[in-house]
Amino acid sequence: MLARRPFFITFLAPAVLTAVILAAAIFEVLQYSVREFIPGSLNVGGFTLANFAALNKPIYWWVLADTFFISLLTAIFSLLASYPVAYALVRAKKDWVRSALVSLSITPLFTGEIVRTFSWMLTLGTDGFINSMLRKLGVIDMPIQLMYTRFGVVVALVQFSMPVMIILLATAIAHVDRDCEKAAANLGASPSAVFWRITLPLTVPGILSGIVVVFAWTMSAFSTPQLIGGGKILMISNLAYLQGFSVLNLPFAATLSLVALVCALGSLALMKGVTSRIERRLAVN
Amino acid sequence: MTATPTQEASRPITSQEAGSAVDIVRVRKDFGSAVGVADVSLTIRKGEFVTLLGPSGCGKSTLLGMIAGFVTPTAGKIVVDGADITDLEPYRRDIGMVFQSYALFPHMNVHDNIAFGLKMRKLPAAQIEAEVRRAISMMKLDGFENRRVRQLSGGQQQRVALARAIVIRPKVLLLDEPLSALDKNLRAQMQVELSELHRKTGLTTIFVTHDQGEALSLSDRIVVMNKGSVQQVAAPVELYRRPANGFVASFIGEINALPPGRCEVKDGTASLVLPGIGPLAFPATPAAGFAPGRQVRAFLRPEHVRPASAGEAGPNIVTGTVEAHIYQGSHTITRVVVEGIGLIETRVTGADIVASAPVGTPLALAFDLGEAVLLDAGE
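Sequences listed follow chains A and B, in order.
The opening position of the first sequence corresponds to residue 1 in our numbering, with each subsequent residue numbered one higher.
The opening position of the second sequence corresponds to residue 1 in our numbering, with each subsequent residue numbered one higher.
No lab work stands behind these hints: they were computed from the structure.
There's no promise every hint is true.
[As the list claims (entries may be wrong)] No more than 25 Å apart at the CA atoms, straight line, and that leaves these computed lysine-lysine pairs for DSS-like:
(1) A:Lys-182 x B:Lys-266
(2) B:Lys-200 x B:Lys-46
(3) B:Lys-122 x A:Lys-182
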């Protein structure tokens, strides 16, 4: 098409420009990661692999493991919380229920990450909504610690990722052939058997892509763990930020960013392999 | 959506109903203000092959959906094997169904598709295996057990759908236009297989189709539906030869509708007097329903209209102008416009008529009125 309509090439310009700038930025990170850190200076020294050697400390492995762990928890809980919503969104009989669910699940996408995180701080804080609620109800005497915990971070990240998860799941659920569900019922499957044996297996592709997308997305989360974790919960982006802008060790921050990138790409590739194997076995696509 | 209790619906089940396989008692389904199925009553005997036939939107699929339990009737009741199942959930009904799209489970292989209903019934594994194997060999699917259903041809998918439905030994087998997705040759073959399957299993079968050819060749009885109502219930031959009304007459096969006229007996000859045309003579035995003075519309199949031989004259011969020939291989349908009557189709063996009566030339037609269907002129 491009050969016959050369002017289409013009339309590629923005994409090419973006790609070039991104590649340049990543290259810059790459070259920073192999430079010597000069304490007290923003300038960097000569070539060194010391930054990568410095990675081999329990604290960094711990942060990396925690990042994986939080991302996985977020993906799983996001799935569990989103599936019923997506199911209701697709299957609700009343039009207004469907449109209400669509607006409720999509609008969070249009509020910024900071705004949403700040709302969670108000909710989870010592004098926040949950604690004052529980205290008024007499369930607890002392406020429970929700801020600066892994639990708080995961809760906020789950809510943050739900719109995307819901969209992916709703698409998958909408594609399920209703006749298959009817056929199962006709063959004696109770409504719950229909769900577990037909609907759920047929939506596995959507479930897998939802998990992959949310996992990768959460791997790079920054402001939510930064504000709600408050330095007590560190994900890899927060560590890179700390190194780059508190310690001003830009080369090591670059190394950490690179590690984060490689880990994200690596886990995506791994998941892709796993999911395509599951999908082949189910033969849903 | 609650059923209006009528006297009919609340009366006790009679012994006669207990002997029948399916009793549909004044079943009605409204969609908002539109009527989907209007007060249909129908009794289907055990082992019978009954076809619901009608144009799309006539309510046949809705009726089938109500028997399967996917559609809740607005009123009336459905009795299967003597038990009222009107309010029973679909999965408790023991009714097998083959869907138009087959609705095979794409994430299961052929074996697991067929075994699904038995697994849901929690039968012992050994029994499931035996039953599945029996169904597989009955539907000639041996060797396909581990195939993905997506890897099967249309005809094979059809057979899996049938095997899956009959393996549960249903009280009734419902077939929702199962042949419509197949190409013509395969459709003819599946028709044969369907009637063979029915003969072997003896299952009470309700078949939904809009194809009159399928209906005529497969059914013990045909239920013709239009606009939610039953038009006629009859055996295929009866339906073709004695349609109860104009809709059935023109829906089943081709038929010529003559303008309204009056039955008369003059000088000992029974005839049909058409205004502006004059009398057309019946043979010695007039068509069923002939009564002097009765206002009727006569319907005549194309095979009962023949081109008159040269020089032939008589009181049942009319002349028109050839409008078109539709050559169909074994026979030719010739359309003739007759003044005062309208378009008449005649069906002649072979293709000779195409040359002997070119388009635009006059052609004399002899009506075999003894085979005519006489319906009230008000129809």
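The hints, checked one at a time:
This hinted pair does not check out: Lys-182 of chain A and Lys-266 of chain B have alpha carbons roughly 63 Å apart, beyond 25 Å. For the given pair, Lys-200 of chain B sits about 14 Å from Lys-46 of chain B by alpha-carbon distance, which is consistent with the 25 Å threshold. Between Lys-122 of chain B and Lys-182 of chain A the alpha-carbon distance is near 19 Å, which keeps this suggested pair within the 25 Å criterion.
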